[in-house]
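Engineer: As they're listed, the protein sequences go chains A and B. Taking the working numbering, the leading residue of the first sequence gets 261, the next gets one more, and so forth. Taking the working numbering, the leading residue of the second sequence gets 261, the next gets one more, and so forth.
Hints should not be assumed to be uniformly reliable.
Which copy is meant is left open, so a pair is good if it fits within one copy or across any two.
[To be verified] Derived lysine to aspartate or glutamate pairs resembling EDC-like cross-links, with alpha carbons at most 20 Å apart:
no.	residue 1	residue 2
1	Lys371	Asp426
2	Lys473	Asp415
3	Lys470	Glu309
Hints listed in this document are in silico derivations from the structure and should not be mistaken for laboratory results.
Number of protein chains: 2
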Amino acid sequence: MSDFPTGGVAVVGGTGPQGKGLAYRLARAGHPVVLGSRDADRAADASGELRSLPGVAAPVDGASNEDAVRGAATVLLAVPYQGHAELVASLADALAGKLVVSCVNPLGFDKGGPYGLSVAAGSAAEEAAGLVPSAVVVGAFHHLAAPLLLDPEADLSHEDVLVCGDDADAKARVLVLAADVTGGRAVDAGRLRLAAQLEPLTAVLISVNKRYKTRSGVALTGLTPAAVKEEVA
Amino acid sequence: MSDFPTGGVAVVGGTGPQGKGLAYRLARAGHPVVLGSRDADRAADASGELRSLPGVAAPVDGASNEDAVRGAATVLLAVPYQGHAELVASLADALAGKLVVSCVNPLGFDKGGPYGLSVAAGSAAEEAAGLVPSAVVVGAFHHLAAPLLLDPEADLSHEDVLVCGDDADAKARVLVLAADVTGGRAVDAGRLRLAAQLEPLTAVLISVNKRYKTRSGVALTGLTPAAVKEEVA
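When you get a sec, could you build the whole thing from the sequences and use the hints?
Structural biologist: Below, the structure is given as C-alpha cells:
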C-alpha cells in the first residue's frame, strides 16, 4: 500500500476512556475525529464533551461505529478485548481496505491483579488482521493511560508510543499520528506479531500503578529523540 | 520466607554475555559472585576475565553450575531458554530452598526477527518455580543489554529493572540487588505470572535495536526515583 490519506480518524469505541482520550489528543493536534459507538447518540454526546475541552483544533463528531468507519481512511480500534472479535467481524465490510490501528489490550483481572489473556491469533491486532484481510493493521497506543490522555494539563511528551506493523507505509503514517498524540516520540517497535508483547505489557503498567499509586507509562532508553525523528521523517 | 542472607550470588550461565555482565555489575557493587557453567574450567576463565575489569569490589570465582548453586543463597538463572527446563531440573536438589532470580528470555528468531516463544508454564520463571517448588522464584534483569552490562563505561542508571514475584521478602531482596546492578531504579512490577509479559518484551527491544542501531532498554514514566526508593527502603 503506497499512500494513506491524512484525513479524518474514526475511533471505534470512541465513548470509552481510551478512545475518547486518544480522540481528544488527535483533535488537539488538528486531526478531524469521528467517535464511533454502538449507540450513535452516546457518540454524539461524547463528541460534545470533547469539543468543550481546551485546545481542540479540529472537528469532533459522533456516529455509529459503522458510519464512523465508513467516513474515515484511518480507524482506531479502542475497545475492550471482550467482544473484540465479534465487533470487528460485524464491521468487516466497512473496515475493508482501511488503515486500522489496534489499541486493544487483551487483559484479564482476578484477585491476583491484571494479567495478559491468551489470544489464539497471538494478539488482538493479529486477530483483527485475520478478520479483515484487506485492511492494513498496525498496533499502537497500548500504554497511554486514559485519564492522562483526557487531562488537558497532562504532558505526555516523555512517553513513547510503540508502534508495530508489517506495512512500512502504514506504520510511518501511524508513527506520525502517535507523535501528534503525545507531542513526543513514536518508536517503530517492529513486526505486527510483536503486538503479542505490547498489548499485555499493559498488565504490568496497571500492576505498577496500583503498587506505586501512579499512572505509569513506557519510555525506552538508548534512543535519542533526533534518531527517532530522522527515521520518521 | 522471612529473611534472605545478603551473601554471595551464584550465576548459572555465568559464562554467557548476560550472566557475565550481571556478575560484573554485582561484583562492582560489592557482592561476592560465583560464575557457574557446565564446564568449571570455562567458569574459572570467565571469572578471571571479570576480575581484570575496572571497579570489581568483591571476590569473583568460577565453578560448575551445581557447585556454584550449592555455595550461594541467591542464584541467578542467566541461561538461554533452549535447554532451560532440563538444566533447572538437573539442578533441582541444589536449588531447593534458595532465592532463584530468573533472567531468562524465551525468544525465537526467524527471518521476521525476534519473537516471544510460547511457554506452557506461562513464563520461564514460572517453569523454574514448577520444577523446584521449594525455591522462591523472582523474575528480573530481562531487559539489560549484555554489552552494556559488560562495558565499564556504560551508565545504566537511567534503566529500570522490572522485578516480579509472589514472595514479598524475596522481591524486596531482588529489588536491592537490581538497584545495585544499575545504580538506578528497581521497580516492583507485580506478580510472578507477569514474567510472561516481561520476558518476551525483550523481543521488542531487540527489534528496536536493529531498527535504530542502538542498545535499548526500558524505563517507566510516572514514577519518581523517590517514590520507588521509599518503597524499597
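Engineer: Kindly indicate which numbered hints from before are broken by the structure, ordering the numbers from low to high.
Structural biologist: Number 3 - this is the single hint that the structure violates.
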